[in-house]
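Chains as they are written, first to last, in this note's numbering: chain S, 1 to 355; chain B, 1 to 355; chain Y, 1 to 355; chain F, 1 to 355.
The set of hints was computed from the structure by calculation and includes no laboratory data. Only true hints are included.
If several chains are the same, the list does not tell them apart, and a pair holds so long as it fits within one copy or across any two.
Under the rule of at most 20 Å between Cα atoms (straight-line distance), these lysine-lysine pairs were calculated in the PhoX-like manner: (1) Lys219 with Lys147; (2) Lys75 with Lys99; (3) Lys200 with Lys307; (4) Lys147 with Lys75; (5) Lys99 with Lys307; (6) Lys151 with Lys219; (7) Lys258 with Lys200; (8) Lys258 with Lys307.
The residues making up each chain are set out below.
4 protein chains.
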Amino acid sequence: MARNSIGKNLTITSFGESHGAAVGVVVDGYPANIEIDMEALQLCMQRRRPGQSEITTSRNESDVVEIISGVFEGKTLGSPITMIIRNNDAKSIDYDNLKNIYRPGHADLLYDVKYGHRDHRGGGRSSARITAGWVAAGALAIQYLEKRGIKITGWVNQIYNIVAPKLEITPNRIEIENSMVRCWDEQTSSEMIAAIELAKSENDSLGGVIQCHIEGMPKGIGEPVFGKLQAILGLYLLNINAVKGISFGDGFEAAGMKGSAHNDEWHSDNDGVGTRTNHSGGIIGGMSTGEVIKIQVAFKPTSTIGKEQNTVNHLEENVTIAATGRHDPCVLPRAVPIVEAMCALALMDLIMENP
Amino acid sequence: MARNSIGKNLTITSFGESHGAAVGVVVDGYPANIEIDMEALQLCMQRRRPGQSEITTSRNESDVVEIISGVFEGKTLGSPITMIIRNNDAKSIDYDNLKNIYRPGHADLLYDVKYGHRDHRGGGRSSARITAGWVAAGALAIQYLEKRGIKITGWVNQIYNIVAPKLEITPNRIEIENSMVRCWDEQTSSEMIAAIELAKSENDSLGGVIQCHIEGMPKGIGEPVFGKLQAILGLYLLNINAVKGISFGDGFEAAGMKGSAHNDEWHSDNDGVGTRTNHSGGIIGGMSTGEVIKIQVAFKPTSTIGKEQNTVNHLEENVTIAATGRHDPCVLPRAVPIVEAMCALALMDLIMENP
Amino acid sequence: MARNSIGKNLTITSFGESHGAAVGVVVDGYPANIEIDMEALQLCMQRRRPGQSEITTSRNESDVVEIISGVFEGKTLGSPITMIIRNNDAKSIDYDNLKNIYRPGHADLLYDVKYGHRDHRGGGRSSARITAGWVAAGALAIQYLEKRGIKITGWVNQIYNIVAPKLEITPNRIEIENSMVRCWDEQTSSEMIAAIELAKSENDSLGGVIQCHIEGMPKGIGEPVFGKLQAILGLYLLNINAVKGISFGDGFEAAGMKGSAHNDEWHSDNDGVGTRTNHSGGIIGGMSTGEVIKIQVAFKPTSTIGKEQNTVNHLEENVTIAATGRHDPCVLPRAVPIVEAMCALALMDLIMENP
Amino acid sequence: MARNSIGKNLTITSFGESHGAAVGVVVDGYPANIEIDMEALQLCMQRRRPGQSEITTSRNESDVVEIISGVFEGKTLGSPITMIIRNNDAKSIDYDNLKNIYRPGHADLLYDVKYGHRDHRGGGRSSARITAGWVAAGALAIQYLEKRGIKITGWVNQIYNIVAPKLEITPNRIEIENSMVRCWDEQTSSEMIAAIELAKSENDSLGGVIQCHIEGMPKGIGEPVFGKLQAILGLYLLNINAVKGISFGDGFEAAGMKGSAHNDEWHSDNDGVGTRTNHSGGIIGGMSTGEVIKIQVAFKPTSTIGKEQNTVNHLEENVTIAATGRHDPCVLPRAVPIVEAMCALALMDLIMENP
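Looking at chain S on its own, in the form it has when it is part of the complex:
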């Protein structure tokens, strides 16, 4: 299993298993002499952590980040920043019955095929728990981008069949955070919560869509051939557990359009040159146009459910399996900071290419 690092200029190396001692990340390439806002970092962690509300998993982790290198007297040294998040509430015993039985929708079986040895507890290396490290790294990238006037705002736009009203502007972060499901629209939030509660009571889970806007982008970020802005964002976002699709601007709807309708005409006025429409979602030819970058990320429903399912065991026998672990009936609200973190890491990596 290689490829636990990502990024050319800002390289993050992820490590850790769900029920091992800790998960964490090493951030290499972060500039020196920058003051770290630990409170802001911990707030990002808080938004991702399990147990933050009654509609998430019952696993309860404080997810306090320990920095063990790269920061001295509150400021970055330029050297690798290592951050560790301890696994405290890891009930490994819950997984004893899953040692030899492969959960549907999970990679357990594939691990055994590929590696011959597996930490079966809570998904091991494939647990969404490892995104805790990514969010910590992303929090540093967000601080870097904010100093350059770049702001990333993610929200839950769809859960199951409940979709928020269409929105042209970027919703307010406070409204988003006021909602237990991180949807800016109060009415939609209520319906989403009800749907999650119902799914929970049915021992089932729900998918959804996160939208993300990036404001304050300069023109020209992204490399026109194999470093296209959408491709690098895609690389980071498609590595998030459970993501099954990603699109930019009008996305799949653009497929049904004519060029004369989709092309965003350039326009010059006192604010400089920009486009009045933004069908392209702020990216043309692999580079940022200076307009808002608009991203949609589709999540499948959580594979871990409480219903009985058919599956096979390590002897390749057909068996049934009941509950497959403590789980979130819907990870979307907790996934918002993960999407934001991955966007920030991708962007910072590209911005450092031409600083």
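Given chain S's structure and the hints, the job is docking chains B, Y and F onto it.
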């Protein structure tokens, strides 16, 4: 402009401008002692080349590949394979009026902002012409994968508002190639051709969706953290010009599903262990499940159109622009081999990780 | 400060400062399902650790390695192996006087120029202490190579003006380890120890040369163009603190030879094909020949000395400086396991290229 | 055979075989909008090309560089610069007798073991001819560095047992180029030429040492852990064919010194802060000190000789072999521009890390 190489184990380096001497590619890491089927390679080129039918651009290139290194006596040496495709029918004079005026939907303006110097002829480095090199490289990857029993089949599933019937199986390559628009369904093909002809007569262009199936995959291809199969496929596919979205399996529809409906239950029978449904599109936990990999790729309509549009020039003045060059009213049919090539290159890169 | 990772197939990421919480390493790409010999690993650490004999630095660290990811039930998971070595005997107060004064031969001044913020305690990120992590990673690579019959033996061949007798064969590991200076020859060892003790009493330090033999190599390891075996070994070895030169086989003496004398003629007998002489040091055309690989590594004397020296401070004033920290009068004996570790990491990275 | 690319920020990809259509290079990451001095580039080629004087090989190549991408109207586009050098005087027939017999000192046998298929003509991919592309790429890097005031000067300091007088300053380029062997000292040059002529008449070859000075370096170039200036220079230089050793500053002599003698004391005066001695060769802690960088590179004698030698054939039979191809009795004079090119490429790659 860095990042003209892609791939860790099989690295391809793309070079060339639309109206320069040539475009091409260097393929590094391809195994030694493999016989190259030049006819099959040239057939891939043929499927991508402009001027192949009356509904594409009028630029006419034979796109014959010259191999100038890495192959000796018909077999690979293991050393870098350099392939060059000459630009013969490059009418640079057509673009003289575009030297100082920025085409909407194109990166011209962003190039000037970022690089300060630009080959304005036919999109320069951002022309889809550079994908000729990718298709040549992909053809080698396809040959490698076919020897391992892996087969990639792409087709046009949607053009504008015309969508092919839903299909569970993989359509036949012959039926696809019999259609001028590379859609397996005859009736849909006729409607698509009519739509393209109408768009052409209106000096407009159309978007669409390409679907791609990968059959014969072994289990366990892909690296579970930052080398997830969908993420590496996404990286390659999102670097194709005009792509605005990508999804796997049920894709964005998975967002509206329950876990109990989406989970593909494992099942064991005489053929071994597999899943009976395939909502996940053949990928779980970032690794191949052994089932068919199912990919959807959304293309925006071609930015180059013949209609008058508003835009700005290099003095930041608002101007209008008429025709923006010879163009395809719909690139989807020619993009099928590009999608297949990028899938093949991504897959081969990952397969070589654990050979 | 980027580039804290090294290796394409087996990637190690180094982190930590001399007087921070810990130093450590993440090893990515190590194969799954391999039993780790913790005792052997700890023995490597023991051979590098400060305070192991009376002729080294007085800093005393037990250097016990904590593995916090990637190993489960004693066997590797294939996932990143994170190893941490705590800094226990870090007397930061010793360095208070060095906060604003730049030690000759050290990078302190360059850090302030380049990064604007520096952990001045004990050399921070440039301390040889960070090689503790490299040795831990190298210990895993050594275990991997030994299973393939490859054995790496390093020894101190020169300290100051004392040079061990010329040797054609590979000396015995036990004899080397029996010597406090890690030289196989008893008489030379005594002289070396005396020289070190004298230098210590003079508050001075000594340079030297480590030789390293790699036995059991198969033919063909190394990539013939930019992955030449000597170049990849060189990359790893020249990154060891204080190394100022490296050579292979006859090395700089080869410069004074004729081709007819230097060429190692191929010869075939019952043992297969090999060479009878080994002027090339087991590497031709960037690939291993199957003969013993012979490496020489030159170390400058430790920069940290106890003598008064002239230098400048952070105000660019000329000043004098007395003792510059606890130090080894000669690091060569402790550097043997570092050289071996770096050789092992380089080799394993190349071997994994064509497994 | 992977690893035909080198460089993180300025990536060069080498391709081509000695007796194929051409050798060449793709340079990715070179900044846009820079005027290329083709005359200066061609002069670098001229200094490397075979047949430039009566003491080199009789292969005669004009080595005119064709640029087929990345340069438009004389200025760089930022896109990959592809340069091709045709193989014109490739007498493949000379090598017919070497198809099944392995030349001592050459990699022929190892290629057959490793790749199973080989271009036996003139060393194929392992020919020093492929350095033509490196020199072309290096010429671009040299132009970039010169604009920043950095100047690289290489010369032949030793051929066989003839060594130039010790020199503290950097010799004059004109004096070096006036010498057929590229040694600044006239008397030494005469002796070197005589030695080469003797070796030629004996069908033998000679090794030697090239020295290289880099002047005008700013402080702080190089990354302190795995991107140490000496290690990156070493990586590039040790990839040059026939190089068996490399050292910096006092190099292997530093091994015999005391710290009090080797440490270069910092000193401040009207010119700023620097060191008065330069034992370290301009590099401390992996970063440039601002002083002259001093490098020694040891070359083994050319493996291709005209004497009869013992060896084996592809059937593993012991045989004798007579002349092994047209050859340079001493490549050192022609290798000077290669050493300079590799230094330039390494330096530019590191400088672009923190621009």
